[in-house]
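**Student:** Residue numbers (our numbering), protein chains in the order written: chain A, 386 to 665; chain B, -5 to 260.
Don't take every hint at face value.
As the list claims (entries may be wrong) - Chain B side only, calculated, beta carbon under 7 Å to chain A, not exhaustive: (1) Ala110; (2) Val231; (3) Ser236.
None of these hints come from the bench; they were simulated from the model. All C-beta atoms in this analysis are idealised placements derived from N, C-alpha and C, irrespective of residue type, glycine included.
Residues per chain, in single letters:
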Amino acid sequence: MTRRLSILLLTAPSMIVLLGVFLIPMLMMFLLSLQDETEQFSLQNYLLLVQDPYYLELLGRTIRVSLWTVLCTLVLGFPVAMFMAGASGRMRGIVAMLILAPHLISVVIRNFGWVVILGEKGWINETLLSLGVIDQPLRLLYNELGVVIGLTDAFIAYMVLAIATSLYAIDTSLYKASAILGASHIRTFFTVTLPLSLPGVVAGITLVFSLSMSAFVTPALMGGTSVKVIPVSAYEQIMTTLNWPLGAALAFMLLGSSILLVTLFARLVETKRYKEVFSA
Amino acid sequence: MKKINWLGVLTIVVLILVNLPFLIIIPSSFTAAGYLAFPPDGFSWQWYAKIFDRPEFIDSFLFSLQLAAVTAVLSTLIGTLAAFALSKYTFRGSRVLNALMLSPLTVPTLIIGIAALMFFTRIGLAGTFTGLLLAHILISIPYVVRLVLTGLSTFDYTLEKAGYMLGARPLRVFWDVTLPLIRPAIVSGMIFSFLTSFDNVTVSLFLVAPGTTTLPLTIFSYMQETLDPLVASVSTVVILLSLVFIVLLEKVYGLERLFGLNSQSH
Chain A
386 MTRRLSILLL TAPSMIVLLG VFLIPMLMMF LLSLQDETEQ FSLQNYLLLV
436 QDPYYLELLG RTIRVSLWTV LCTLVLGFPV AMFMAGASGR MRGIVAMLIL
486 APHLISVVIR NFGWVVILGE KGWINETLLS LGVIDQPLRL LYNELGVVIG
536 LTDAFIAYMV LAIATSLYAI DTSLYKASAI LGASHIRTFF TVTLPLSLPG
586 VVAGITLVFS LSMSAFVTPA LMGGTSVKVI PVSAYEQIMT TLNWPLGAAL
636 AFMLLGSSIL LVTLFARLVE TKRYKEVFSA
Chain B
-5 MKKINWLGVL TIVVLILVNL PFLIIIPSSF TAAGYLAFPP DGFSWQWYAK
45 IFDRPEFIDS FLFSLQLAAV TAVLSTLIGT LAAFALSKYT FRGSRVLNAL
95 MLSPLTVPTL IIGIAALMFF TRIGLAGTFT GLLLAHILIS IPYVVRLVLT
145 GLSTFDYTLE KAGYMLGARP LRVFWDVTLP LIRPAIVSGM IFSFLTSFDN
195 VTVSLFLVAP GTTTLPLTIF SYMQETLDPL VASVSTVVIL LSLVFIVLLE
245 KVYGLERLFG LNSQSH
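Construct all of the structure, not just a fragment, from the sequences and the given hints.
**Tutor:** Right, dumping it as structure tokens:
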């Protein structure tokens, strides 16, 4: 068998799947997003998205919820990553298992758990009511707070792992050097640990932000009807309203804004303050 | 006085938080009451018995198992072949091909689902098992390719040559030499594909046929209407089943290593 033929035979099945379920459909979706009601070429869907305040608000909410999620995963994830980096192999394995395993269990089920915890008659509200701390149930669900809690839980593993990976790479003698030179723990953290972990932090932020932008299940289950985000709206346009061209345009608006923001962010950190860290 | 290890304390808090949903769901499923509550009122198996009164849960569970099993086998096969081509040969366009194989990961699965629905409607695959299966294979292939490529990166091709020199045919060489050495990567690719398919909501959402739907979707739509302990009992079954596969993955490959390769699934 010739080399060429082997390559062709080995890659053909995956190329067929890739073409038939990904490349051609994406192209078709793009063409569909450029159609009006009479199937004529038109930019009206995209114009609607940028002109109608409703869709701009939708985009704003999607970005806002994603930014909060990034912040929460960063604040909660950084200590875990630091703990993992400093732990022994066995301890590190246990922590990794406990933070990564839940991630492989259906997100629908995790969201369900949060609904039981945060709902009006949920665990937290019932406990606080019976303790007399509050006399009205708190609204922890079906608002942006609920969505951010759900998304933080869903994506924290990515943040932890991204940061942990860059922390593992730090030469521990740097910590010793810093201590010998008389720096406090806090000083060492800000002048050694944090700057050197930045590539991981940036990777984590990028990953969690793009995942949050396109999350559908959590906003649908924990946001309710009042906290609509672009993915939920795109779903409705396609499955309920049956306005496929507008649904397709919404999908591209999501993809485009997510890529744009991530690129801008990468530019910002790479060209401004931390250039030396990234070029190393 | 011993200094408190704040990092350790914070880590424990986060670990409890991410596992809290499961710590709540499992006990809630054993409640004797007719409503969802934590801590549960009394103990009974009634909500497990009630699963059998709801054929949609049983049917979609069996359907999801089948779909995930077929997806796992086919995507592992297809992905492994591609990884072999990419690892063994460097050819014109091999880097482009590599990037292309991984590209479904960079696009949200929701968008893949929408695009597939639009195209499948045109060619008559919408609402068919084949269409759903193809989409599940597509989202699993990148993981298989990456895992197997990593497995092959340390593989010594002179071992294959030795096999040939000893007179073995290509298939025999593959079976007796290559496969045993990269088996962990292939097996974890298969388990990971299974879990990816079994848990998927956002692709299936657009591609299932009315009447035959997957378990996560059934739970998803049930949850939007009612919240009762039935969801808790069904979820507990899924949690336990997933745990079996997660432990397998950890044993075969190691979760931390696996996640280094992984980048999205929501």
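**Student:** Each hint needs a verdict: does it hold in this structure or not?
**Tutor:** Results for each hint:
no. : hint   : verdict
1   : Ala110 : holds (5 Å)
2   : Val231 : violated (10 Å)
3   : Ser236 : holds (5 Å)
Comparing the model with each earlier hint shows a violation of hint 2 alone; every other hint is respected.
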